[in-house]
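Q: Could you build all of it, start to finish, from the sequences and the hints given here?
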Amino acid sequence: DTAVSQTPKYLVTQMGNDKSIKCEQNLGHDTMYWYKQDSKKFLKIMFSYNNKELIINETVPNRFSPKSPDKAHLNLHINSLELGDSAVYFCASSHFDRDSYGYTFGSGTRLTVV
Amino acid sequence: SQQGEEDPQALSIQEGENATMNCSYKTSINNLQWYRQNSGRGLVHLILIRSNEREKHSGRLRVTLDTSKKSSSLLITASRAADTASYFCATDLATGGFKTIFGAGTRLFVKA
Numbered sequence: 001d002t003a004v005s006q007t008p009k010y011l012v013t014q015m016g017n018d019k020s021i022k023c024e025q026n027l028g029h030d031t032m033y034w035y036k037q038d039s040k041k042f043l044k045i046m047f048s049y050n051n052k053e054l055i056i057n058e059t060v061p062n063r064f065s066p067k068s069p070d071k072a073h074l075n076l077h078i079n080s081l082e083l084g085d086s087a088v089y090f091c092a093s094s095h096f097d098r099d100s101y102g103y104t105f106g107s108g109t110r111l112t113v114v
Numbered sequence: 001s002q003q004g005e006e007d008p009q010a011l012s013i014q015e016g017e018n019a020t021m022n023c024s025y026k027t028s029i030n031n032l033q034w035y036r037q038n039s040g041r042g043l044v045h046l047i048l049i050r051s052n053e054r055e056k057h058s059g060r061l062r063v064t065l066d067t068s069k070k071s072s073s074l075l076i077t078a079s080r081a082a083d084t085a086s087y088f089c090a091t092d093l094a095t096g097g098f099k100t101i102f103g104a105g106t107r108l109f110v111k112a
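Protein sequences, first through last, are from chains C and U.
Each residue of the first sequence is one higher than the last, beginning at 1 in my numbering.
Each residue of the second sequence is one higher than the last, beginning at 1 in my numbering.
Heads up, a few of these hints could be off.
[Unchecked claim] Just some of the chain U residues that point at chain C, by a computed CB distance under 8 Å: (1) 88; (2) 102; (3) 105.
[Said to hold, decoys possible] Label-pair restraints from in silico Cβ distances: (4) U:56 with C:57: 26 to 36 Å; (5) C:54 with U:68: 35 to 45 Å; (6) C:57 with U:18: 36 to 46 Å; (7) C:13 with U:82: 33 to 43 Å; (8) U:51 with C:8: 35 to 45 Å; (9) U:75 with C:101: 19 to 29 Å; (10) C:65 with U:56: 36 to 46 Å.
Source of the hints: derived by calculation from the structure; they are not laboratory data.
All residues carry an ideal CB built from backbone N, CA and C; glycine is no exception.
A: Dropping the structure here:
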C-alpha cells in the first residue's frame, strides 16, 4: 500500500527517558514533516525536510532532534522526555510544490509521558 | 486569534442534512486545503483550492473560497453517519518560504 507509516502507534514512557518515532513514506514525495497535535487538536509544524535537508525548524526544544537518512524516511528522537511532551505526533509528506496535492499524513503516534 | 480558524467549533446534524463549515484566515494565501480526521487517525486530504479559484467540487463536497473576505466554506451534502469526524482547514501562506497553518477544526457529528 502507498502510504505514510509511522511507528509506534502508542508510546507510554517515564519522564526523563529518551524515545524515537519512525516514519517512512513510499509515495515518492521529496518533503517530509513532523507535526504535533495537542489536546485541543491544534496541529503545529515542528520540522520539515526536503530531500534530506532541514528546511523548517520551528521553535521546538532542542531535546527534539529529527533525522532523515534518505528522502523516504524522517525519524524523530526525543531526549529527556517531559510531561508536556505528551501529545499526538504526526508524520506527513508532500511534494515540495504543495500547490496541487496537499499533504499525506501518517496515522499518528500517541505519546504519553508519565 | 489564529490564521485558519474554523467555525463552528462543533456541529451536530441528522443524517441526510447538509453540513457547512467555515474557515477564516488573515494573510494572503497560495492555496487553502480541507482535511478530515477520524477519531484516533491521521488527517486525510479532501480538497485543495488555489487562490485564483472560487469553487471546487469533489463528490458530495463543495468548497468555496472568497479571497476578498479571506474565508472559505466546506459544504457536505446529504451527510452520512460515516462523515462524523473533525474537519480542518489549512492555509498555505503566500509569504516566501514554507508556511502552512492549520486551524483547530470543526467537530461534525452526524446522527443516524
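Q: Using the beta carbons of residue 75 of chain U and residue 101 of chain C, state whether their distance is inside 19 to 29 Å or not.
A: Holds: the Cβ-Cβ distance is about 22 Å, inside 19 to 29 Å.
Q: Given the hint of 26 to 36 Å, check if residue 56 of chain U and residue 57 of chain C actually sit that far apart at their C-beta atoms.
A: Given about 33 Å between the Cβ atoms, the range holds.
Q: Would you say the C-beta atoms of residue 51 of chain U and residue 8 of chain C sit inside 35 to 45 Å of each other?
A: Hint holds: Cβ distance 39 Å, inside 35 to 45 Å.
Q: Against chain C, is residue 102 of chain U within 8 Å by beta-carbon distance?
A: For residue 102 of chain U, the interface hint holds, since the closest Cβ of chain C sits about 4 Å away, which is under 8 Å.
Q: Quick check on residue 88 of chain U please, does its C-beta sit within 8 Å of some C-beta on chain C?
A: 7 Å, holds
Q: Taking 33 to 43 Å as the hint, is the beta-carbon distance of residue 13 of chain C and residue 82 of chain U inside that range?
A: 35 Å, holds
Q: Take the C-beta atom of residue 65 of chain C and the C-beta atom of residue 56 of chain U, compute their distance, and say whether it sits inside 36 to 46 Å.
A: 39 Å, holds
Q: Is it true that the C-beta distance of residue 54 of chain C to residue 68 of chain U lies inside 35 to 45 Å, as the hint says?
A: Given a distance of about 37 Å, which is inside 35 to 45 Å, the answer is holds.
Q: So, as I understand it, the hint says residue 105 of chain U touches chain C; can you test that by seeing if any CB pair is closer than 8 Å?
A: Hint on residue 105 of chain U: holds, closest Cβ of chain C at ~5 Å, below 8 Å.
Q: So does residue 57 of chain C sit 36 to 46 Å from residue 18 of chain U, Cβ to Cβ?
A: 42 Å, holds
Figure legend: structure checked against the earlier numbered hints; every hint is met.
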